[in-house]
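Student: Generate the whole structure from the sequences, applying the supplied hints.
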Amino acid sequence: MHVLDATFAALSDPTRRAILARLAKSEATVMQLAEPFEMTQPAISRHLKVLETAGLIVRRVEGAKRPCRLAEGGIDAIDQWLAMFRKALARNYDRLDELLADTKQPAKSKEKR
Amino acid sequence: MSKMTLEIEGDRHVVVKRRFAASPEAVYRAHTEPALIQKWMLGPDGWTMPVCICEARAHGKIRYEWTNGSGGGFHLSGEFLELEPFRRIIHVERMHLPAPTPDNHVETKFDPDGTGTLMTMRMTLPDAQTRSRMLATGMEHGMEASYVRLESTF
Chain P
176 MHVLDATFAA LSDPTRRAIL ARLAKSEATV MQLAEPFEMT QPAISRHLKV
226 LETAGLIVRR VEGAKRPCRL AEGGIDAIDQ WLAMFRKALA RNYDRLDELL
276 ADTKQPAKSK EKR
Chain H
164 MSKMTLEIEG DRHVVVKRRF AASPEAVYRA HTEPALIQKW MLGPDGWTMP
214 VCICEARAHG KIRYEWTNGS GGGFHLSGEF LELEPFRRII HVERMHLPAP
264 TPDNHVETKF DPDGTGTLMT MRMTLPDAQT RSRMLATGME HGMEASYVRL
314 ESTF
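As given, the protein sequences belong to chains P and H, one line each in that order.
Taking our numbering, the leading residue of the first sequence gets 176, the next gets one more, and so forth.
Taking our numbering, the leading residue of the second sequence gets 164, the next gets one more, and so forth.
One should not assume that every hint holds.
[Stated by the list, open to error] Straight-line Cα separation of at most 30 Å, DSS-like style, residue types lysine-lysine; simulated pairs:
hint	chain 1	residue 1	chain 2	residue 2
1	H	K272	P	K279
2	H	K202	H	K272
3	H	K272	P	K262
4	P	K279	H	K202
5	H	K180	H	K202
6	H	K180	P	K279
7	H	K180	P	K200
8	P	K262	P	K279
9	P	K200	H	K166
10	H	K166	H	K202
11	P	K262	P	K200
12	H	K180	H	K166
13	H	K272	H	K224
14	P	K224	P	K240
15	P	K262	H	K202
16	H	K166	P	K262
17	P	K224	P	K200
18	H	K180	P	K240
19	H	K224	P	K200
20	H	K224	H	K202
21	P	K262	H	K180
22	H	K180	H	K224
23	P	K279	H	K166
[Stated by the list, open to error] Stretches of chain P that chain H covers, calculated by requiring three or more beta carbons in the stretch to come under 8 Å of a beta carbon on chain H:
hint	stretch
24	181 to 191
25	262 to 270
[What the hints assert, rightly or not] What follows is a list of derived Cβ distance ranges for each label pair:
hint	chain 1	residue 1	chain 2	residue 2	range
26	P	T278	H	S240	23 to 33 Å
27	H	A198	P	S220	36 to 46 Å
28	P	E210	H	P275	36 to 46 Å
29	P	T278	H	G277	11 to 21 Å
30	P	K200	H	G232	23 to 33 Å
31	P	R244	H	D174	39 to 49 Å
These are computed hints drawn from the structure, not numbers from a lab.
Cβ coordinates follow ideal geometry from the N, Cα and C atoms, glycine included.
Tutor: Shown next, in the form of structure tokens:
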């Protein structure tokens, strides 16, 4: 549970979500990540630290650089939780669609759904 | 019709949006009339809601009880804070698992959208930890796991 709490906290920031979306494409260095976000490298490094602590990214040493990439399975747990919540809601609303279609006025039943 | 979107926003919010091919009045009624609620607000297949109390007025009570027909069940209690017929509902709710979860403050809006309705449900939890636990309750009730890409949660 603690890990998931940290994961949710890490994901609550739009910059960190954007960093994850960027890393979903390929590994990147701090410098490469700082560029599109118009942020200083220390600011990006702070975000990376949060993501690393939450187990969402890993960093390796390559000379002076420390490229980041998505951690294997790091987002799976939170993905699955969100997916289940989403799925239950989606199922409810699909049922509501059917109910609304059934109770609709005949005049409106010609409308495309 | 577009699909539902579910986004986590800031530390404490969850925002769900969904379009319906029916008037705001019809969608609103489906959220406030027990006989209608019992037909759709059921979660995973196989669950039913034998008890549905929904007093749709300010300070009115909410109580929904679900069962899976084989011994599993839980309930939700809550109160309405404000209702603007066919436009907006504000209520608080908590799940009983059986210990009550912290209050979830929910604003549900029903906006006309072409010939249909755009529903926007904005949930506010006391803190980030509560939110992650609320999103986790699905697992405890045997909902089927599935995998979606992270991007779809943005």
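Student: Can you give the numbers of the hints that this structure goes against, from lowest to highest?
Tutor: 18, 19, 27, 30 and 31
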